[in-house]
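**Q** So the mapping is simple: our numbering equals the position in the sequence shown, first residue as 1, plus 8.
Treat each hint with caution, since some may be false.
Have a look at the derived ranges for each label pair, beta carbon to beta carbon [stated by the list, open to error]: (1) E140 - T120: 34 to 42 Å; (2) S504 - Q45: 55 to 63 Å; (3) I117 - N28: 48 to 56 Å.
Treat the hints as calculated values from the structure; they're not laboratory data. Note that CB positions come from ideal geometry on N, CA and C, so glycine has one too.
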Amino acid sequence: MSNTVLFELGVEELPARFINDALQQLESKTKAWFENQRIPFDDVKGFATPRRLAVQVTEVAEKQPDIEEEAKGPAKKIALDDQGEWTKAAIGFSKGQGKDVDDIYFKEIKGTEYVHVNKFIEGESTANLLKEFRSVFLDLTFAKNMRWGSYDLRYARPIRWMVALFGEEVIPFSIENISTGRTTFGHRFLGEEVALHSAAEYEDVLKQQSIIPSLNERKNNIHEQLLHLEKEKQWNLVIDDDLLNEVTNLVELPTVFTGAFNEEFLEIPEEALITSMKEHQRYFPVRSTDGDLLPFFVGVRNGDDRHLDTVARGNEKVLKARLKDAQFFYEEDQKGSIDEKLEKLTRMVYQEELGTLADKVQRIKAITGKVSDWLELDDKEKAQAQRAAEICKFDLVTQMVDEFTELQGVMGEKYARLFGEDEAVAVAINEHYMPRHANGEVPSSKVGAIVSIADKMDTIVGSIAIGIIPTGSQDPYGLRRQALGILQTLNTLGWSLPVEQIIDLVHNFYVELSLPTRSKEEVNKDLHEFFNLRAAYLLREEQVDPDVVDAVLVNGINVYSTTLEKAKLLVEKRQDETFKPIQEALGRVLNLAEKAETDEVDPELFENETEAELYSTFTAMHEPYVAALENEDPVKALEILSELSSPIHEFFDQTMVMAEDVKVKNNRLGLLKSIAYDIKKYADFNAIEWKQQF
């Protein structure tokens, strides 16, 4: 016989951002708990609203299955003494298994006899085991926890009730002073306290109490209402998935409503309007079928459709106040000049040890100038880049960005146009914050990309120089994201700029400016390791195997786009049987080259033709090989490197490298070391686990 099990944790309103992860944890931990307890079940279904987390487990067995198993003990020679009597080892083993020595029998395993007993373990009652489920609730983790009252428990929000049912029976346990029962609570305004008769009726009872407990059903319900409204009004709703998820987690019974605002507010940049609606009020903006923003919004109410007009009017008043503020900020920000705003940056501390925002801007300008030279920008582009770097942070002192921090850069671009700045400069102010999130859009213009790289590299180098290095999940300054942004930008635009060259440029600026910093060697090591880890992460995201990642990063990142191309080529080659002799040849060189003390080679000391042939082939391919690497052509470089394969194999077949004559031995090792230098410029072929692919 089987039954349904229900566990519900009732809490004060959970933050919307906690709910999806908490539900996923609850479902996975519940499955793991039942499996660990050896309790057979069919399925686990989770429920989540702002006031509850619940899980329903179906077809749960009444007890654990019985177990019959054979237990193996000590060898026969240990179990019996010289007189054939049972030893303490045998007696202890049988007692430990709940048996007597009379139950022992011997069984041969690989030629040796061992003591064995058959034991029977009766399955425990599921009802008794379920009392320990409280550990699952306590194991849930949240981004932030709190304590309440005089309790020691730290949890996302105070626990108000718990339901635990095995079929129709209550499963007794407590957390702090809250004990389980069968009483749950309906919608805060439309429902009431209700006693559940059985675990199976949970979802139906809650729906009768004006609650849709299934997160996915609630989300789909909202989406369908939005689409219906869109069709009815002939609107084009901006249905952002993040916002849809958030409003889903803010309500228990969703009802869509519409509101309007004065058309005069459409003069405000639409990014500010949309931010006010989405980020502050959780409204869906409305566009026309032509894509123009309309003076309407759509909200989601936690309740039914009664008095929706009153709800809409109340929300319109709140939004009007916010838009009035935005309008005021927009008008005030256009007063004065950019230079006046830049002057305010001198009084805004960027970081206590690294100076003001004005100091940071000066460093960004210097880095921008050098990178512009490396990329050989023309005079016009250089001037645009310098101006963009000079004013890239001016919008941070505007009232609009102070109120809506997520609009930094966006408002900078708009204000720059209003103040008459060059279009390329205005665009760059916005683009220099890109990518704004993982896998986000990178800058599309040269000027924007250069200033973006300069800003991010200054932040990373400055932070690491004063000892702020991300550890574990802690990265308060977003250094990892910014490093990934630099690599993604360089790759997307295809710039042949070695990453290490930019790192060293910025680090040297810090040293020259005598900014607070740890030892130059220590900071340099940390910076290069930090970027190598970020490059390794991106390469793995491109489906490059970890061993190939290690191989191509042996000498650092260099030009990231080329390193990525090189890695993908090696992943392809490791699948190619015809490449196996080549990798074996290069690997043999790398192995023996480690024994060399010098790379000096004297052709006069060659004793056979294979030495001379290998040396001749190497000297002939060296310059074209290096040229191919410098031209960022890894395909050509590998083709040239592969020419060494046959001469290397012939050399090893006919030459004793470790000759008795020390001069001959060192000369041969020197030749291998010279070749190894060139091989390592491409990759560490010995780091690649080639054999597992063939």
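**Q** None of the hints should be skipped; say for each whether it holds.
**A** Status of the hints after comparison with the structure:
no.	hint	in the structure
1	E140 - T120: 34 to 42 Å	holds (41 Å)
2	S504 - Q45: 55 to 63 Å	holds (59 Å)
3	I117 - N28: 48 to 56 Å	holds (51 Å)
The earlier numbered hints are all upheld by this structure, with none contradicted.
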